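K.L.:
Here is how the chains run, residue by residue.
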Amino acid sequence: MFRVTDKPIDLQVLVDCVTDPEAGAIATFIGTTRNNNQGRKVIALDYEAYPEMAEKELTRLGEEAKNKWQICRMAIVHRVGPVQITEPSVIIAVSAAHREAAFAACRFAIEEIKKTVPIWKKEVYEGGEIWIGTQSGQPLSRS
Amino acid sequence: MKVKVKLFAILRERAGTAEVTKEIQEGSTVADLWAALQEDYPKLAVLGFGYFTLSIRIM
Chain Y
1 MFRVTDKPID
11 LQVLVDCVTD
21 PEAGAIATFI
31 GTTRNNNQGR
41 KVIALDYEAY
51 PEMAEKELTR
61 LGEEAKNKWQ
71 ICRMAIVHRV
81 GPVQITEPSV
91 IIAVSAAHRE
101 AAFAACRFAI
111 EEIKKTVPIW
121 KKEVYEGGEI
131 WIGTQSGQPL
141 SRS
Chain G
1 MKVKVKLFAI
11 LRERAGTAEV
21 TKEIQEGSTV
31 ADLWAALQED
41 YPKLAVLGFG
51 YFTLSIRIM
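Line order of the protein sequences matches chains Y and G. Quick note: the first sequence, position 112, residue 112 per our numbering, numbers continuous. Quick note: the second sequence, position 32, residue 32 per our numbering, numbers continuous.
These aren't lab readings, by the way, just hints derived from the structure by calculation. For clarity, every value in this text was computed on a predicted model and none was experimentally measured. Idealized CB from N, CA, C, for every residue including glycine. No false leads were slipped in.
To give an idea of the interface, some chain Y residues facing chain G are shown, with a C-beta separation under 10 Å as derived from the structure:
(1) Glu48
(2) Ala49
(3) Tyr50
(4) Glu52
(5) Met53
(6) Pro118
(7) Trp120
(8) Lys121
(9) Lys122
(10) Trp131
Here chain G stands alone, though its shape is the one from the complex:
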C-alpha cells in the first residue's frame, strides 16, 4: 500500500523534502516505515526513534 508522509522541522531539513510517498507492505508498523525512510534519507538515521512527529496518510 502507498502512504504519504509529511516531514516537519529537523526531519524535513535533513531529508531535504517536506513530503514523501512511499510504498510499504500491508501490516507494516510505523517503525518499519521509519526504517525505510532512514534508508532513503541516510541523514535521518542519526536521529533515532521516538521523538518526532510525522503525518502518515494511507492513500
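Chain Y extracted, bound-state conformation:
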C-alpha cells in the first residue's frame, strides 16, 4: 500500500497491511506535525501533493527498499490537506524476518520521501507563511 490521502492515517491499517507469516519484526515510523520550526511558532500546516506522481514515487521507494534489504512488505501513507498539530502526516510500516532490515528500510523510506516525493508543506505561523519542499527540503520562498 503506497498512498496519498486527505483523511487521518490509521497506524493499524498499515500494520495489518505488512503483517506476514514470514516476518519476525514490524518497524513503524510516524511523522507528526509539530508546533514550531526554526524558531517560529507554527499554528497550522497544509500539505499538497502531485498525487499520481507521489504514489508512483512511493511505490518506487518500496521497490528500492526491497532490493536493498531482505524485507517482507512495506506500506507508506502520506497525508495531504490541512493537518492539525500532533497528527501524523506520514506513516511507514515495514515487516521483515529480522529487525535490522525492518529498521533500516523504515529509516531509508522517510529520508527518501523528503528528498524525492512531490509533496509540499505550507507552514502557517504567526506573522506569515512559508512553503517547504520541492525535493530539496529547503524553504523556497516567503510569501
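Please arrange chain G on chain Y, whose structure you already have, making use of the hints.
P.N.:
Quick look at chain G alone, frame taken from chain Y:
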C-alpha cells in the same frame, strides 16, 4: 503545439490556478515555457528558475 501544465504549491498559489493550457512553438524548451508562464502570471516572475516541479503534458 498545445501543452497542459499543472502547477503545485507556491506556483499554484501565485498563479491562482492549478492548471494552464498553453500554446507553444515546436522545439520550445522548458525554460521557454517557464518564461511564457511568467509573462502570463507576473507573480511567478520573482521565483526564478530551477527549483520547481511542474507537470507538462503535450496534448
